Every structure is written in C-alpha cells, then in structure tokens.
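*Asks:* Just need the whole structure built from these sequences, with the hints factored in.
Chains as they are written, first to last, in numbering that gives the first Met the number 0: chain A, 0 to 495; chain B, 0 to 315.
Do not take every clue at face value.
What the hints assert, rightly or not - Using C-beta positions, here's what the derived DEER-type ranges look like:
1. B/ASN142 - A/LEU110: 48 to 58 Å
2. B/SER6 - A/PRO141: 41 to 51 Å
3. B/THR113 - A/THR184: 35 to 45 Å
4. B/GLN131 - A/ARG357: 56 to 66 Å
5. B/SER92 - A/ALA362: 31 to 41 Å
To be verified - In silico BS3-like cross-links for lysine-lysine, where the CA-CA straight-line distance does not exceed 30 Å:
6. A/LYS173 - A/LYS65
7. B/LYS119 - A/LYS136
8. A/LYS337 - B/LYS119
9. B/LYS119 - A/LYS268
10. A/LYS66 - A/LYS113
11. A/LYS136 - A/LYS114
12. A/LYS47 - A/LYS65
13. A/LYS77 - A/LYS65
14. B/LYS119 - A/LYS47
15. A/LYS113 - A/LYS136
16. A/LYS77 - A/LYS136
17. A/LYS337 - A/LYS383
To be verified - So these bits of chain A aren't anywhere near chain B, every CB distance computed over 10 Å:
18. GLU121
19. LEU127
20. GLU129
21. LEU140
22. ARG145
23. LEU154
24. PHE179
25. GLY288
26. SER320
27. LEU366
28. ARG381
29. ARG440
30. PRO456
It is worth saying that the hints were derived from the structure and are not from the lab. The model shown is predicted, which means the values in this text are computed figures rather than measured ones. In this text, a Cβ means the ideal position worked out from N, Cα and C, and glycines have one as well.
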Amino acid sequence: MESYLEFRDLTKTFPGVTALDRVSFGVSRATIHGLVGENGAGKSTLLKILSGAFRPTAGDLLIGGKKKIFTRTRDALKAGIAVIYQELNLVPEMTVAENLLLGQWPRRFILLNKKEMTHRAESQIRDLLEDMDPGGKVRHLPIGQRQMIEIGKALLHDAGVIAFDEPTSSLSRKETGRLFEIIKTLRRRGRTVLYVSHRLEEIFSLCDAVTVFRDGRRIETFTDMKEVTPDLLIRRMVGREIRDIYDYRPRNGGEPLLEVKNLRGPGLKGDISFSVARGEILGIFGLGGAGRTELLKLIFGAEKPAAGEISVAGRTVVIGSPVSAIRHGLCLCPEDRKTEGILAEASVNENINISCRRHFLKAGIFLDKRKERENAGRLIVRLKIHTPSGEETMGNLSGGNQQKAVLARWLSENMAVFLLDEPTRGIDVGAKHEIYRIMYRLAEEGKSVIFASSDLPEVMGVADRILVMRNGGIAGKVARQDASEERLLSMALPAG
Amino acid sequence: MNREYLSRALIRLWINSGMVAVYIVMFALFSLFVPYFFTVRNMIGLALSITTIGMIASTMLFVLAAGDLDLSVGSTVAFTGIIAAVVMNRTGSIPLGILSGVLAGGLVGWLNGTLVALWKLNPLISTLATMQIVRGAGMIVSNGAAVGITLPGFFVLGCGTVLGIPNPIWFTLVIFIIFGILLNNTIYGKNILAIGGNREAARLAGINVELTKNAAFILQGVVTGFAGVILASRMTSGQPNAALGLELDVIAACVLGGVSLTGGVATIQGLFIGVLIMGTVQDVLNLMNVQTFYQYVVRGAILVAAIVLDRMKQRK
Numbered sequence: 000m001e002s003y004l005e006f007r008d009l010t011k012t013f014p015g016v017t018a019l020d021r022v023s024f025g026v027s028r029a030t031i032h033g034l035v036g037e038n039g040a041g042k043s044t045l046l047k048i049l050s051g052a053f054r055p056t057a058g059d060l061l062i063g064g065k066k067k068i069f070t071r072t073r074d075a076l077k078a079g080i081a082v083i084y085q086e087l088n089l090v091p092e093m094t095v096a097e098n099l100l101l102g103q104w105p106r107r108f109i110l111l112n113k114k115e116m117t118h119r120a121e122s123q124i125r126d127l128l129e130d131m132d133p134g135g136k137v138r139h140l141p142i143g144q145r146q147m148i149e150i151g152k153a154l155l156h157d158a159g160v161i162a163f164d165e166p167t168s169s170l171s172r173k174e175t176g177r178l179f180e181i182i183k184t185l186r187r188r189g190r191t192v193l194y195v196s197h198r199l200e201e202i203f204s205l206c207d208a209v210t211v212f213r214d215g216r217r218i219e220t221f222t223d224m225k226e227v228t229p230d231l232l233i234r235r236m237v238g239r240e241i242r243d244i245y246d247y248r249p250r251n252g253g254e255p256l257l258e259v260k261n262l263r264g265p266g267l268k269g270d271i272s273f274s275v276a277r278g279e280i281l282g283i284f285g286l287g288g289a290g291r292t293e294l295l296k297l298i299f300g301a302e303k304p305a306a307g308e309i310s311v312a313g314r315t316v317v318i319g320s321p322v323s324a325i326r327h328g329l330c331l332c333p334e335d336r337k338t339e340g341i342l343a344e345a346s347v348n349e350n351i352n353i354s355c356r357r358h359f360l361k362a363g364i365f366l367d368k369r370k371e372r373e374n375a376g377r378l379i380v381r382l383k384i385h386t387p388s389g390e391e392t393m394g395n396l397s398g399g400n401q402q403k404a405v406l407a408r409w410l411s412e413n414m415a416v417f418l419l420d421e422p423t424r425g426i427d428v429g430a431k432h433e434i435y436r437i438m439y440r441l442a443e444e445g446k447s448v449i450f451a452s453s454d455l456p457e458v459m460g461v462a463d464r465i466l467v468m469r470n471g472g473i474a475g476k477v478a479r480q481d482a483s484e485e486r487l488l489s490m491a492l493p494a495g
Numbered sequence: 000m001n002r003e004y005l006s007r008a009l010i011r012l013w014i015n016s017g018m019v020a021v022y023i024v025m026f027a028l029f030s031l032f033v034p035y036f037f038t039v040r041n042m043i044g045l046a047l048s049i050t051t052i053g054m055i056a057s058t059m060l061f062v063l064a065a066g067d068l069d070l071s072v073g074s075t076v077a078f079t080g081i082i083a084a085v086v087m088n089r090t091g092s093i094p095l096g097i098l099s100g101v102l103a104g105g106l107v108g109w110l111n112g113t114l115v116a117l118w119k120l121n122p123l124i125s126t127l128a129t130m131q132i133v134r135g136a137g138m139i140v141s142n143g144a145a146v147g148i149t150l151p152g153f154f155v156l157g158c159g160t161v162l163g164i165p166n167p168i169w170f171t172l173v174i175f176i177i178f179g180i181l182l183n184n185t186i187y188g189k190n191i192l193a194i195g196g197n198r199e200a201a202r203l204a205g206i207n208v209e210l211t212k213n214a215a216f217i218l219q220g221v222v223t224g225f226a227g228v229i230l231a232s233r234m235t236s237g238q239p240n241a242a243l244g245l246e247l248d249v250i251a252a253c254v255l256g257g258v259s260l261t262g263g264v265a266t267i268q269g270l271f272i273g274v275l276i277m278g279t280v281q282d283v284l285n286l287m288n289v290q291t292f293y294q295y296v297v298r299g300a301i302l303v304a305a306i307v308l309d310r311m312k313q314r315k
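*Replies:* As structure tokens, this is what we get:
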C-alpha cells in the first residue's frame, strides 16, 4: 500500500547524543500506526520533528509524496499535521469554543464574533463535544474532555495526520474507551493516526501497524498485527529477554507497621481503615478519581485529615505536615513527577540530597559537598540511574531515571514506610522492572511499601495484598492469591 | 559536530561568567575613556554609592530565589532610619538606637512574611501594601520632617573609615560574605533554591516551605533595617523621604546579577556583579555630567538589555 506519510533516513543529533539514527518507514492513509519503544528510544523526537518543534539533522519527511521541512509548528499545522502531547496546550480560563478556534477566531469587522464562534465549534465537531458546553470554561473540565478539545482543534485545522503522545496516561477507563472510539472514527474519515503508548494492550486493541524503536533506531515495523505478540514487541523494545517483568518473589511479612483507622479527608468519602505489615507490599488499585492519590497524600500529611488515626509501629502519631510524616519514617514519591517530584532545573545530586542534607553537615551548619556527592553517587550506582554525571540537570533525564532519583531521595534516609503513587507511570519496561526490584528489596529489608496504580497487571504482579478503592472509599481488600482481573475490576467499577 | 561543541562551551562560559566578562570590558573601557573614573577617590565613591543597594540586595536574593518579591524595602530604609534617630534622641543611647532600627526592620519583614509565607497572599500586592504602610508610618513618627540626630558618636558608623575605606563598604562586604555562605553552604540556602525551583516538590520532599520563606522575609527586614540605620548615620538624620524607589534599584541589581524572578536560580557572585554594574553606570553618568532625566532612560535601557540577555541564556 502507498505510504501517505513517509520518513526517509531521518536523523537528529544533539551534542553528544544521536536521538534518531537514519529512521525510515512509511505510514498508510487511514490507518492507526503505533510507535513503541522504551523512553529515549526516539519516539518523542520523531513526533517533535513531525510537529516542527525540531529540525532534522539529516533525512526527509514526505507527506503525500512531497518533501516537507517544517521550521515552525505553525508550518506543520498548515500542512495538516497535528500532534497531541501529554501536556495539553489549552488556555484554562477561556471557553471551550475559544480554545477550539484559538488563533482563528471569527471576526465581524474588528470585533469578535462570538455567535459565529460557538456555531462553528458546534457544527463541525458536535460528536466530540457531546456533553460539553461550548461556552463553559476549560478550567472546569476533566482531563478526558480537554483532550477531546485538542482533537477538535486538529479537526478544525483539517489535519490529515494526527499524532498522539501517550494520550491515555491520565485518562480513566471510560474516557480511554471514548478516546479509542474517536480515534477509530478518525481512521474511518481517512485520517492517518500515529499513536505512541507504553501500554501494549492499547497498541493491540487499536493499531493496524506498529513500529518498534530502540536507541534512536527503527528496529522493525509490523504491518500485520496478527503476526505480533506482546512478548515479541517487548523483546524487540528491550533487545533482550524479559521473562516476567514482575519477577515476584514470595516474602514473609512481619508485624503491622503502619495502621490507619477511620481516616477521613478531602477527596475521600467514608472512613478508611487498613494496615500494612513490615516487609509487605500493599497495592492500591482504583480507577481515575477513586481517591488513591488523595489517600496517600493524606497519610503523608500533604493534606490535612478531617478525622482518623494513624499509628506507626504501634504508636499513634500526629501527622500534620510532610515534615512530621518524614520524622515518623513515612515518605512519598508523588504521582506527578514533573510538578510534585523533581526540581527540573537542579542537578541530579541536588534532587537526591534534598531530603537528607542534615546528615552531611560540617560543624552542624555547613554543607559537606563532598559527602553529598558521595551519597548521590552511591545511590546513582545502586539504583542504576542512567545519567552522564551527578551534575547533570534533572530535567534532561528520562522519566524512569527521574523516578529512580526521587526514590533515591528516601533511600539515604532510614524510612520505614514508602508511599509510591503510580511509581511506573509513563516509564519504559526496563525501568519499570528496575523499580519493582527496588520495591522488593525495600520489602525484604523489612520496610512497608504502599503503591497506588491504575495498571491492573502491575498491581496483581507486584503486590502481596491489594486494596481496591472506588469513589473515595475502600471497595475491598484482596489477597494476592485471590486476585483476578475480573474480581478487582468489578470491585473498582462504580456500582450499577 | 565540533562547532556545536565549541558553541556549547561558549554558551556555558557565558552562563557561568557572562556578566563578569561584560563588567570587565565595561570597566576597562570606562577606565580608558572616562576622565577621573579610574581614581582612588572615584572608586571609593563608587563603592560607597552601592552600599545600601548591595546590603539589601544580598537578602532580596533569597526572597526572589524563593519565588517571592519584596517592594517594601525602600520604605523600610526610611522608616528604620527615623526610628533609630528618634530612639537615639530620646534615650541618648547609640546601641539602643541601632538595635531599635534593626528590630523595626525585622518587624516589617515579619509582617511581610506573615502575609506572603503564612497567609499565602500575593507577594507583589502584599509588599506593595506594606510599602505604603511603612512609608506612612515613617512620616507619622517623624511628622513628615527630617529627624536630626544629636549624638555625633553615631556618625562614625556611616562616615568613619578603617584602613582608608569607609565603614559602610566593610559592612556591605561582610553581609555579602555571610549571605553567600548562607546561600551556598547551608541547608537553608539550598531549601530556598528548591522552593523557588518547584514549591510543591520541595514541600513533599520535607522542606518546611512556610518557615523557610518567612525567615527570608525576616532576614530581608533585619538587613534592610541595618541599611536604614547606616544611611541615617551617613545623612546624620532620619529622613521620611529617603530611599524613594530603592526597591526597584535593588530588584534591578538582582536581575542584572542573574537572579531569576520566577525563583530557583541565584548566585552571590552574580549578584555582586549586578550591584557593581548598577553603581558603575550611575557613577559614569555622573562623571560625564549626564542630566538626571537621561540617567533614568539609560538605567531602564540597561535593565532591558539584562533581561534580554537572561532570556537568551535560558534558551541556550
């Protein structure tokens, strides 16, 4: 079949790094083409070249057989290419219609024609807007609907190629289903869709073809999904065998370490009670909005509890702030690395040492920078954080390595309870595997690990025991051996 | 490839020491072409002229690096000078006068800290408000007129010299060293930069954000109070209209010194250069007899140039 979109020997180098290395492949019209690979494999660079954010060092990009070079994102948009990133580019204080037509607002003489704007927004993409009010502010909309607006923008620009970068990472199951329907509609209407995702089940349920990237190279393109299995894709992505990425080993739990009784707080409905033993990994499963993040933040003192009791090692403690939580041996790796986890501008060393500086002081006041460097260096090696050096800027690391650095922060402290919120979200298979190993080791050292996840196979693969949340309350507790996908899901789904 | 490496190395050099290079070139040119610029007398005069800005900028650095702003420092300088003058005249005690001036500054800082750090009000508006309140308080206490100081012993503080160099210059140097160490070699300094870099991440990493920010405002107030006392000593009086618009000069010096207004980025070396540039330009404009009206224009233009350069730096 003729390729509508074609990459020919596309190369992009940055000083010291080759992000894309002579990548060539074609994408047919009216297909959904998956792009998979570990972080840093080159998928994002490819999308950025497509959107005009980067210029290729060498090679060509062909659309409908014609060579195109974009120097600005506007050029790409004019040529009919829209890239929908994880971070949505919407103006929260503006209305749905205003956002949809951003940059091409209809005018009557010099005044804004609001009627026409609403009309155009509604008439062209009524199916997307469904239950949205075109005059409502974007700020009030859930993330799934915001994504629909981005897609609507692409359609209003009459984009022939629409690329999605990890679109479902913050969507609920229902929103994901709706997004898939819309992507399939796009295909029916003759649009070419590029789809980047770490979730292989999505690739299999959605894509007509898939290209695997590794280390900036295109490894293989499968144009018939019947030939492919998830195992094969993973093998191609990592370039080695990973038999079982969870690699679970049974452990013996000890006495209860953290006990939560009748906890109540913002975002939670009903009282929450549970306990975790020493050496136990407790998985908290729930769909988006179930209250997982809220619960972890409440335990960590990042939010004020309205009622309830928390005890650590049998002693009731009062936790009013992260500072006091840390004093009692509790630590949190937040869900949103970028806004809550890392200091993007600071060095990796700074990011690791941020919480444990008081152990490395001269005369009780002055920082001992040599000791800090040593501490960070030790953890970089121990957690296999891939970075040119400890002085590297944190923002330049891949998501998986940033996550490891955030974890490293707490490993230099004598923490007892690790609260990990979506610890593997948006990171690649290899890094996921390493994070699991770190979690196992913590448990084997007698610490308690509580991790929240919306990834069902992960929860079942890693946790000793599973707490299912629904609508801000506990829907049930399931032992590892009793867990099945059906059982957990039916508990997590809203009743009725 | 090689060229890219070279340009990257140049960019790094620029980021690390760009302003130093600019200043050295500037200084050399002025020394060659501006009469009387490179003389001992002018150099001491130049240094003396930047002492007030310099002292206050060294703590403004912390406020800005934490992502806040303090507009009240100009008013505080006037207020604390008046308080020191009044207390000294009433009690006849120089130490008590100095102490009350410094404490008055600390009090203003504590008020700012309460509004911005504890109650989480917008720093621009909050300190704009305290700027007015404190300026008004100074006028109320002084009845709107200069308060002459009747204890000549006090004037040694601002007008005396050690090794031929006026005392305020020594004070400024000491303050720079103290706050340089605080920024680079203590947990407190690192926490300030972390809060400015990512407030929520810093909080979840176990940093007490409120306390840290509050302390920055209090330090700012105390140092500004001290600067106010020194200025009163130099002027031999507390003046209600002293240091009008000083807050903007201080912030400008910080920006010239590479302190990021969004927080998270600041170096004491950069600040030192920033303060020097401000003072040197002013000095040269005076030496060349440029009218005050034009001086404003030149200073504004330099500030624009500084933020443009800063922007280029961020783009890499």
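*Asks:* Hints first: check each against the structure and report whether it holds.
*Replies:* Consistency of the hints with the structure:
Under the hint 48 to 58 Å, the C-beta atoms of B/ASN142 and A/LEU110, about 55 Å apart, fit the expected range. Taken as a hint, the range 41 to 51 Å holds for the pair B/SER6 and A/PRO141, whose Cβ atoms sit roughly 45 Å apart. Look at B/THR113 against A/THR184: about 56 Å separates their beta carbons, and that is not inside 35 to 45 Å. With their beta carbons about 40 Å apart, B/GLN131 and A/ARG357 fall outside the hinted range of 56 to 66 Å.
In this structure, B/SER92 and A/ALA362 meet the distance hint of 31 to 41 Å, their C-beta atoms being roughly 35 Å apart. Distance restraint check for A/LYS173 and A/LYS65: the Cα-Cα separation of roughly 39 Å exceeds the 30 Å cut-off, and the hinted pair is therefore not satisfied. Pair hint B/LYS119 plus A/LYS136 holds up; C-alpha atoms about 26 Å apart against a cutoff of 30 Å. Annotation: proposed proximity of A/LYS337 to B/LYS119 holds, straight-line Cα distance about 22 Å (limit 30 Å).
Taking the CA atoms of B/LYS119 and A/LYS268, the gap is near 28 Å; set against the 30 Å cutoff, the hint holds. Distance hint between A/LYS66 and A/LYS113 is unfulfilled; the C-alpha atoms sit about 38 Å from each other, more than 30 Å. Between A/LYS136 and A/LYS114 the CA atoms are separated by roughly 16 Å; this keeps the pair inside 30 Å, and the hint holds. The hinted pair formed by A/LYS47 and A/LYS65 meets the criterion: a straight-line CA distance of about 19 Å does not exceed 30 Å.
Proximity of A/LYS77 to A/LYS65 is assessed by CA-CA distance (about 14 Å); at most 30 Å being required, the pair is judged to hold. For a cut-off of 30 Å, the pair hint linking B/LYS119 to A/LYS47 is broken: about 38 Å separates their Cα positions. Distance restraint check for A/LYS113 and A/LYS136: the Cα-Cα separation of roughly 14 Å lies within the 30 Å cut-off, and the hinted pair is therefore satisfied. Annotation: proposed proximity of A/LYS77 to A/LYS136 holds, straight-line Cα distance about 27 Å (limit 30 Å).
Distance hint between A/LYS337 and A/LYS383 is fulfilled; the C-alpha atoms sit about 20 Å from each other, no more than 30 Å. At the 10 Å boundary, the C-beta of A/GLU121 stays outside the reach of chain B, the nearest C-beta of that chain being 38 Å off. Remark: the non-interface label on A/LEU127 is consistent with the geometry, its nearest Cβ contact in chain B lying 32 Å away (cut-off 10 Å). The beta carbon of A/GLU129 sits about 33 Å from the closest Cβ of chain B, which is more than 10 Å, so the claim that it is off the interface holds.
With a minimum CB-CB distance of about 22 Å to chain B, A/LEU140 clears the 10 Å threshold, and the non-interface call stands. Consistency note on A/ARG145: stated as away from chain B, and its beta-carbon is indeed over 10 Å from all of that chain's, at 21 Å minimum. Every C-beta of chain B lies more than 10 Å from that of A/LEU154, the closest at about 33 Å, which supports listing it as non-interface. With 10 Å as the threshold on Cβ separation, the claim that A/PHE179 sits away from chain B holds: the shortest Cβ distance comes to roughly 32 Å.
Look at A/GLY288: its CB is around 20 Å from the nearest CB on chain B, clear of 10 Å, so calling it non-interface holds up. With a least beta-carbon separation of about 7 Å from chain B, A/SER320 fails to lie farther than 10 Å from that chain, contradicting its non-interface assignment. Some Cβ of chain B comes within 10 Å of the Cβ of A/LEU366; the nearest lies about 5 Å off, and the non-interface call is violated. Non-interface status of A/ARG381 relative to chain B is upheld: no Cβ of that chain comes within 10 Å, the nearest being about 19 Å off.
Residue placement check: A/ARG440 keeps its beta carbon more than 10 Å from all beta carbons of chain B (closest about 22 Å). Consistency note on A/PRO456: stated as away from chain B, and its beta-carbon is indeed over 10 Å from all of that chain's, at 28 Å minimum.
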